[in-house]
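Number of protein chains: 2
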Amino acid sequence: MPLTAHAPLTIDEERFAADLSAMSAIGWTNESGMQRTTFSDAHAEVRTWFLDRARAAGLRTRVDGAGNHSAILEAADPRARTLLLGSHLDSVPSGGRFDGALGVLCGLEVLRSVRDAGLDLPMSLEAIDFTDEEGAVLGTLGSWALAGELTSDALASPRCGRDVLLSGLERMGTSEEGLLTAARDPAGLAGFLELHIEQGPVLERAGVAIGIVTGICGSVSFDIVFRGAARHAGTTPMDARRDAGLAAAALMLEVRETVTRDFAGCVATVGDVHLEPGAYNVIPGVADLKIEARAQHDDELDRLSAAITELARAQARRWDLDVHIESTGRWSPEPTDPRMRAAIAASASRLGLTVMEMPSGAGHDAQVMAKVTASGMAFVPSHHGISHHPDEYSSLEDCINGSNVLLGATLALAEEL
Amino acid sequence: MPLTAHAPLTIDEERFAADLSAMSAIGWTNESGMQRTTFSDAHAEVRTWFLDRARAAGLRTRVDGAGNHSAILEAADPRARTLLLGSHLDSVPSGGRFDGALGVLCGLEVLRSVRDAGLDLPMSLEAIDFTDEEGAVLGTLGSWALAGELTSDALASPRCGRDVLLSGLERMGTSEEGLLTAARDPAGLAGFLELHIEQGPVLERAGVAIGIVTGICGSVSFDIVFRGAARHAGTTPMDARRDAGLAAAALMLEVRETVTRDFAGCVATVGDVHLEPGAYNVIPGVADLKIEARAQHDDELDRLSAAITELARAQARRWDLDVHIESTGRWSPEPTDPRMRAAIAASASRLGLTVMEMPSGAGHDAQVMAKVTASGMAFVPSHHGISHHPDEYSSLEDCINGSNVLLGATLALAEEL
Numbered sequence: 006m007p008l009t010a011h012a013p014l015t016i017d018e019e020r021f022a023a024d025l026s027a028m029s030a031i032g033w034t035n036e037s038g039m040q041r042t043t044f045s046d047a048h049a050e051v052r053t054w055f056l057d058r059a060r061a062a063g064l065r066t067r068v069d070g071a072g073n074h075s076a077i078l079e080a081a082d083p084r085a086r087t088l089l090l091g092s093h094l095d096s097v098p099s100g101g102r103f104d105g106a107l108g109v110l111c112g113l114e115v116l117r118s119v120r121d122a123g124l125d126l127p128m129s130l131e132a133i134d135f136t137d138e139e140g141a142v143l144g145t146l147g148s149w150a151l152a153g154e155l156t157s158d159a160l161a162s163p164r165c166g167r168d169v170l171l172s173g174l175e176r177m178g179t180s181e182e183g184l185l186t187a188a189r190d191p192a193g194l195a196g197f198l199e200l201h202i203e204q205g206p207v208l209e210r211a212g213v214a215i216g217i218v219t220g221i222c223g224s225v226s227f228d229i230v231f232r233g234a235a236r237h238a239g240t241t242p243m244d245a246r247r248d249a250g251l252a253a254a255a256l257m258l259e260v261r262e263t264v265t266r267d268f269a270g271c272v273a274t275v276g277d278v279h280l281e282p283g284a285y286n287v288i289p290g291v292a293d294l295k296i297e298a299r300a301q302h303d304d305e306l307d308r309l310s311a312a313i314t315e316l317a318r319a320q321a322r323r324w325d326l327d328v329h330i331e332s333t334g335r336w337s338p339e340p341t342d343p344r345m346r347a348a349i350a351a352s353a354s355r356l357g358l359t360v361m362e363m364p365s366g367a368g369h370d371a372q373v374m375a376k377v378t379a380s381g382m383a384f385v386p387s388h389h390g391i392s393h394h395p396d397e398y399s400s401l402e403d404c405i406n407g408s409n410v411l412l413g414a415t416l417a418l419a420e421e422l
Numbered sequence: 006m007p008l009t010a011h012a013p014l015t016i017d018e019e020r021f022a023a024d025l026s027a028m029s030a031i032g033w034t035n036e037s038g039m040q041r042t043t044f045s046d047a048h049a050e051v052r053t054w055f056l057d058r059a060r061a062a063g064l065r066t067r068v069d070g071a072g073n074h075s076a077i078l079e080a081a082d083p084r085a086r087t088l089l090l091g092s093h094l095d096s097v098p099s100g101g102r103f104d105g106a107l108g109v110l111c112g113l114e115v116l117r118s119v120r121d122a123g124l125d126l127p128m129s130l131e132a133i134d135f136t137d138e139e140g141a142v143l144g145t146l147g148s149w150a151l152a153g154e155l156t157s158d159a160l161a162s163p164r165c166g167r168d169v170l171l172s173g174l175e176r177m178g179t180s181e182e183g184l185l186t187a188a189r190d191p192a193g194l195a196g197f198l199e200l201h202i203e204q205g206p207v208l209e210r211a212g213v214a215i216g217i218v219t220g221i222c223g224s225v226s227f228d229i230v231f232r233g234a235a236r237h238a239g240t241t242p243m244d245a246r247r248d249a250g251l252a253a254a255a256l257m258l259e260v261r262e263t264v265t266r267d268f269a270g271c272v273a274t275v276g277d278v279h280l281e282p283g284a285y286n287v288i289p290g291v292a293d294l295k296i297e298a299r300a301q302h303d304d305e306l307d308r309l310s311a312a313i314t315e316l317a318r319a320q321a322r323r324w325d326l327d328v329h330i331e332s333t334g335r336w337s338p339e340p341t342d343p344r345m346r347a348a349i350a351a352s353a354s355r356l357g358l359t360v361m362e363m364p365s366g367a368g369h370d371a372q373v374m375a376k377v378t379a380s381g382m383a384f385v386p387s388h389h390g391i392s393h394h395p396d397e398y399s400s401l402e403d404c405i406n407g408s409n410v411l412l413g414a415t416l417a418l419a420e421e422l
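For the protein sequence lines, the chains are A and B, in the order given.
Under the working numbering, the first residue of the first sequence carries the number 6, and numbering increases by one thereafter.
Under the working numbering, the first residue of the second sequence carries the number 6, and numbering increases by one thereafter.
Treat the hints with care, as some may be off.
[Claimed, not checked] Between beta-carbon pairs, the in silico distance windows are:
#: 1; chain 1: B; residue 1: Thr34; chain 2: A; residue 2: Glu175; range: 57 to 63 Å
#: 2; chain 1: A; residue 1: Gly178; chain 2: B; residue 2: Ala161; range: 44 to 50 Å
#: 3; chain 1: A; residue 1: Asp228; chain 2: B; residue 2: Ser26; range: 50 to 56 Å
#: 4; chain 1: B; residue 1: Glu262; chain 2: A; residue 2: Arg210; range: 32 to 38 Å
#: 5; chain 1: B; residue 1: Leu185; chain 2: A; residue 2: Pro282; range: 48 to 54 Å
[To be verified] Chain A stretches covered by chain B per the calculated footprint, using a threshold of three residues with CB under 8 Å from any CB of chain B:
#: 6; region: 64-74
#: 7; region: 201-207
#: 8; region: 363-375
Rather than coming from a laboratory, the hints here were simulated on the basis of the structure.
Cβ coordinates follow ideal geometry from the N, Cα and C atoms, glycine included.
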């Protein structure tokens with residue numbers, strides 16, 4: 006008889022709520038929210054807490070060469086593949102309680118619930134906390150390592166600098182060489198499921214409980230520098246100026262107008278502008294912009310990139326400026342696996358929860374894992390769309406709903422995959 | 006017989022050129038141009054050089070309680086009033102050779118030329134180097150002190166801080182109390198003449214040798230802060246944003262458009278913008294702008310101020326933001342004295358030099374002196390309008406022309422005033 010024929014198995018809400026509360030306290034500061042950046046004491050503490058809770062539930066634990074922390078519920082069959090469930094316990098500086106942490110606790114709770122129900126699934130389950138998703142060191146370091154796609158180039162110039170990387174790895178009990186040992190044979194993986202907060206306002210605005218992620222958006226980023234002439238703001242007539250700030254301003258507005266008009270569902274943002282010399286009485290001679298855009302499909306991302314760079318060149322001509330455009334990053338979009346999406350949808354349906362399909366505008370470990378295994382991802386609503394901020398909040402009910410959806414999807418996938 | 010009936014008296018070009026060259030070397034660095042900020046060693050050195058050159062020419066010298074350095078050619082009549090000629094020897098950091106220094110050397114050269122010609126004028130002449138025009142300490146400190154308009158408020162919070170002010174004054178051989186002793190009785194002053202580089206491109210573009218300054222523009226400045234919501238740039242749809250950066254951008258363009266369209270002859274500049282948090286992947290939640298505008302008439306300045314603040318409020322409404330507008334300064338326009346303008350025009354005409362009337366967009370010691378005595382000001386062309394920069398340049402011919410114009414104007418005024 007199929008495991009999913011009866012009333013759906015659900016998690017232990019009381020245990021889940023108590024653990025969510027306990028976990029949220031580790032690294033929390035009243036002044037500036039969650040401080041669990043990679044390599045921090047609070048980060049190490051919450052990871053230890055996670056393993057302790059797993060052991061207390063009778064689960065096996067493991068820390069791999071990339072510092073990824075896992076709780077494991079093994080199938081009876083030693084040849085069984087492993088379905089991974091997880092996210093990350095690190096936070097941005099001054100972050101919130103839910104980003105990443107919810108997905109790790111969900112994974113742990115799914116394993117505990119399966120074990121409590123005495124089910125013997127035809128695949129092993131592994132709740133995983135990936136190292137450094139937020140990028141204090143590199144960004145999705147743990148999932149890159151597990152996917153076997155960590156490059157020596159990336160390790161040569163980590164955001165935190167080489168010294169911090171090496172001493173941090175040592176503190177985690179591993180090393181640069183150790184990172185490479187974290188790679189898994191994709192043949193042993195059945196897939197990856199990640200529960201995450203939406204980090205945007207879409208679900209809340211639509212009044213929907215569960216977002217089924219169709220794919221993780223790709224992104225491009227640019228550093229665009231306009232150069233004109235820094236002149237005296239009092240003595241240089243309006244028609245004799247080469248004001249780099251005005252080109253920056255016009256570009257900011259045109260990028261917004263273009264993406265809104267021509268690229269439905271995409272986003273583009275000028276996150277920073279720096280003017281030089283930056284004084285009341287000097288016309289800006291230099292304007293330096295940080296621009297980022299995201300799209301769900303590679304061709305759309307390419308067209309959006311081309312549109313932005315052409316707008317920048319046109320503004321340089323309009324204001325008689327030089328322009329330098331530097332591409333500072335490109336991430337390809339990664340669609341999620343259709344079977345994973347179907348399992349999430351079916352599970353939500355059995356639980357009577359409303360769903361909507363949506364792309365993820367943010368990057369996630371699921372984006373990396375999609376390169377080597379079938380990946381699926383579910384969102385729960387973020388209050389006011391706030392994230393990467395102490396005010397980040399998702400209700401306990403939404404967190405429980407999401408965890409139940411992943412539990413149901415896990416049981417369904419255990420039969421299918 | 007009137008002094009101006011003959012072929013015009015002119016300066017000693019060779020002496021003037023040699024002194025301009027020697028003076029320009031003091032504080033000059035190959036890396037970053039002129040470094041003669043107030044209280045610096047180079048500033049003290051050039052002021053000593055100025056007094057030495059005055060004494061070498063048989064002129065009396067004087068340093069007042071505000072550190073203003075003067076060379077004096079006294080009239081035979083002890084009751085004669087004094088016509089001041091000068092500017093300032095301090096520079097901005099990494100400045101040029103001509104801003105201020107030209108006017109001081111011109112004053113010295115006018116005195117030497119009158120003395121060499123053996124003329125006994127009915128008024129005393131004083132070439133003056135005002136302290137701290139550029140504002141490392143306070144801005145036009147020396148002229149404020151001489152005009153008797155230095156306030157204890159201004160001295161309570163100088164830009165450089167109280168400690169630097171007090172130790173700097175001590176190094177100049179004066180004190181806070183000493184500053185007050187520099188005030189002169191306006192009854193003893195016949196007027197003030199200042200030669201300066203234009204610091205803008207107008208004369209060069211028009212091919213005109215001498216600018217007759219109609220008045221020094223007034224200015225207003227504002228610090229305008231828009232506050233929206235800093236949200237994830239990937240997960241927040243374009244229609245769910247409160248992007249403070251976009252309001253800043255729109256305001257920058259509208260300020261330019263409005264001043265160009267509705268305020269002929271005025272200027273307005275957004276010199277700096279600061280976005281927070283200022284990252285690729287976060288929508289700017291705060292945008293902080295520094296805006297400055299200048300006009301020739303008080304009512305025009307008020308209308309321009311009102312227009313700018315209304316544009317800022319309209320942008321806040323358009324983008325659903327909060328806005329805080331802080332006025333950070335207001336200087337009233339100061340017209341120059343019509344008799345001074347006429348004397349400059351007549352002198353230039355006798356020398357066969359082309360002239361045009363123009364406002365000064367930049368502030369000057371003449372702006373302060375206009376509060377207590379008849380002030381006049383002449384400009385010579387600035388190559389490419391560059392100023393406050395090592396590339397600041399005015400040709401020797403233009404500098405000599407300007408000095409001859411002030412010499413002729415001095416002789417005319419000595420008869421008239």
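Indices of hints not satisfied (ascending):
Numbers 1, 2, 3, 5 and 6, in rising order.
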